[in-house]
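Asks: The residues making up each chain are set out below.
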Amino acid sequence: MSAASPREGQSQSLAALLSTREVVVFCGSGGVGKTSTAAAAALTAAARLGGKVLVLTIDPAKRLADALGLEAFGNVARRVPLDAYAELGVEPRGELWAAMLDTKRSWDELVLRHAPDEATAYRILDNRMYHNVTSRFVQSHDYIAMERLYEVHASGEYDLIVIDTPPTRNAIDFLEAPARMADFFGGRLLRWLTMPYRVGGGRGGRMFNAASKPFYQMADRVLGSQFLQDIAEFFLNFQSMYGGFVERAEAVEQLLHDRRTTFAVVTTLEGAPLREAESFCRELDARNFDLGALVLNKVLPEYLLSADGEHAAGVFARESEVIARELAATGVPALADTTSSARVLRTLADSFHNYEVVARREAELRTELTRIAPPGPEVIVSVPAFPADIDDARALVRIGEALFAVDAPGTIAP
Amino acid sequence: MSGLLDRRLLFFTGKGGVGKSTVTAATALLAADQGKKVLLVEVDAKNNLTALFEHAPVGFEPRQVHPGVFAMQMDTESSLREYLKVQARVPVFGRIGPMARAFDFVATAAPGVKEILTVGKICWELRESLEGRADWDLIVVDAAATGHVISQLDAPEAIQELVAVGPIRNQTGWLVELLSDPALTALNVVTSPEEMPVNETIELVARAREELNVPLGVVIVNRVLPELFTHADDEVFEALGDPAAAAVLAQHASAGSAAVVEAARLAVSMRRSRSVHLSELRDAVDLPLLLLPYLFVRDHGLRVTRMVAEALGQELT
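First to last, the sequence lines map onto chains E and H.
Taking the working numbering as reference, the numbering of the first sequence is continuous, increasing by one, and the terminal residue is 404.
Taking the working numbering as reference, the numbering of the second sequence is continuous, increasing by one, and the terminal residue is 311.
Treat the hints with caution; some may be incorrect.
[Unchecked claim] Some, not all, of what chain H presents toward chain E, calculated at C-beta under 10 Å:
# : residue
1 : Leu74
2 : Ile162
3 : Glu188
4 : Met190
5 : Ala239
6 : Ser248
7 : Val254
[Stated by the list, open to error] Reference excerpt, derived from the structure (chain E facing chain H, CB under 8 Å, subset only):
#  : residue
8  : Ala209
9  : Gln216
10 : Ser230
11 : Glu309
[Said to hold, decoys possible] Far from chain E, by Cβ distances over 12 Å, these chain H residues were calculated:
#  : residue
12 : Glu122
13 : Leu283
14 : Gln308
Hint data in this document are derived by calculation from the structure and do not stem from the laboratory.
Computed from a predicted structure; not experimentally measured.
Don't be surprised by glycine CBs; every beta carbon is placed ideally from N, CA and C.
Construct the entire structure; sequences and hints are all you get.
Replies: Have a look at this one:
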C-alpha cells in the first residue's frame, strides 16, 4: 500500500480501533495530558463500547482521582461509580475500573514470586541495594508497568485495558524494558562481575580471571573493595531469580507485540513534545509495534485562524471609539463609559492576535506531522484546549467526546 | 532575590514540559550579558539545550555556544575517566572502553555512584574556579527533573552514610561543603501555573527542606498568562454578551466578532484557572516567586531564550 496518513482501509475512529483491541498503551512526553486522555478514553470506551474496561494509571493528579469518584488509587483495581456520568448524559453500557501502579509494592511481589525460597526473598528485600536497584535499574518503572499490564491481561478479567505509561526521559525506554530486564539477568556481565566472589567465597577472598582483573583494580580505586563486595553480594542473591524473570520478561514482550495490543501517542502541538512524539512513532514502527492513534491534545480552536476573526479584531482595534459610542447608545448600563468600552475592545483585538500567533504555530506544526513515516497512525484525533483544568467528570466526558469523534476538528465545545 | 546571580552554582529542576531548559538557558544568557563567564551544564541526555542558542550539540568538553556561555553535556563515563586521570592517577588509555559497561552496571546499582560522578564533576569545576585554576563566574545546571533531583543532590551525603571507608567516601566531604553553602549554591524550581507542576513543586520544596542540605533559591513560574481585564473592565466585557451589544459588534465586524469575543472568553478562563494554582503555590511555598509571562511568539531558539532572559532580568531587579 502506498504512503497515506492515516492508513487507508483501516479504522478511522478511536471507537473502531478500541473495539478491536484488548490493550491500549498511552505514551508521550511529560505535561501533554497523557493521564487524563487515557482516563477519558477508558471512560468513553466503557460507556459506548460496553464491557469491562480498566484504566491503569501511574501517578494521577488528585483531581483526576476525584473526577473518577475515587478516594484514592491503589494496586488493587476499584470500580468507578458512573452515577455522576449518567447525569451528564453518558449512559454507561459497561463498567469502568481503575488502578494505580504502586512500583515499590509491585517489585516486592515480583521478588517474593521469583525468589527460590522465602529466606532469599527477604535477603533481597532487606538489602540496602534493593531499593536502589528497583527504583533506578534498567528502567525499572517501565518494566514494572509492562509487567503489571501482562498480569492484568492474563487474568482475563477485562475486555479492554487502557494503560498510562510512566514519564520517561526517553519515551522508547519502556518498549525496551522487558528485553533489557531479560538481558540483565541473562547477561554474561552479571556472571562475570560476581564470579570472583563466588569462586573465592567468603569475605576478603577474591579470585580474578585475566579479563576481570583490570576492572576490579579500577573499581577498587574508585569505590573501595568493601563497597564493591556489598554490591556483588546483592547481585548474587538477585541472580537467583534469573529463570522466572527471563520467562516473564519474554511473555511481556510478546503481549506488547500481540495484534490485540495497540499504542496511542499523545502530544501537544508544541515543538519539543511533538518532536518526541514523532521520534516515538518512528521507534514504534521500527520495532513492529502497532501505532493505533496519534492524539493531538490541548489544540487551540480553529476560529483563531479564521479570516473573519482576524478582520473583526482589526476593526475592533481601529474603530474602538466609534463602536464604544454605539455600545453606549444601546443603554446597557455597564457599557455607558465609552473610554472603558474602547479599552476593552482594543484588549479583545490584542488578545485575539496573541492567541492567533499561537494557533498559527500549532497549525504549522500540524502540517509538519506528515513527516511521520508511513504507514503512520491508524487514527489521528484532536482534543481541544479546555479553558479550565480537567478537574471534573464533565471535562473527562468532553475529552472523551473529542477522542471518539470521527475526524474531530480542533474546535471548542460551546 | 537580586542576589541569585551572585551565587556561583545554580541548579534548576522542574516537572517535564514546564520549560526548565529554556529558563536554565535564559539564566545563563542573562548572567553572560552581565559580563560573567558561565558554564552551562546539561545533565539529562536529551542534548537539546544548545539549540536554545542556535548551536549544534556539544559534548563533555565545554564549548562556547554564545559570547560568555560555555555549554557541556554531562556524561558519567567521561566524568569517571577524568576522575581516574586527575584524582586517582590511574592511567587510563583505551582500556576503559570494555570496562565502561561493567562499571556503568555497577554504578547504576550502587547507591549514589552515578550521581556523585555528575555532582562531583560540577563541584570540581566550582572548586577549581574558587581556587583560581578555572574561571567560571557562574555554573548553571539543567538538573534532573523533580522526581530525581533529590537523589542526585543528596548523593554525597547518602554515600557518607552508606559507605564506611574507601576512596569514594573520602571524596564526599568537600562536595557536601560546597553544595550546602548558601553563599555559593542554590537549588531553583521551574514550574508553570497548572495543577500537576504546582503540586510537584510544593512537594519538592518540602522534601528538599527535609532531606537536603542544598539551600533553596527561587521558584520560577513560567508561562503566566496575562490578566486581560481589570475588575471593572471585566463587567464591560461581560456586557458585550448582551444581544443589543452583540448586534453592534456584528454590524461593524460581521461574522468574526463572535470569534474575537469567544477567544477572549477562552483567554480569561484559562487565566482564571491558572491563577488558582498560582495562589496555591504562593500559599504553600515561602520562597521568592519569579513570574515569567507566556510568550505569544511563533519561533523558538535564541530569540525566545533572549525574551525569557529579559523577563527574568526584570523580575530579578
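Asks: Let me make sure I understand: some of the numbered hints might not hold for this structure. Which ones are they, in numerical order?
Replies: 10
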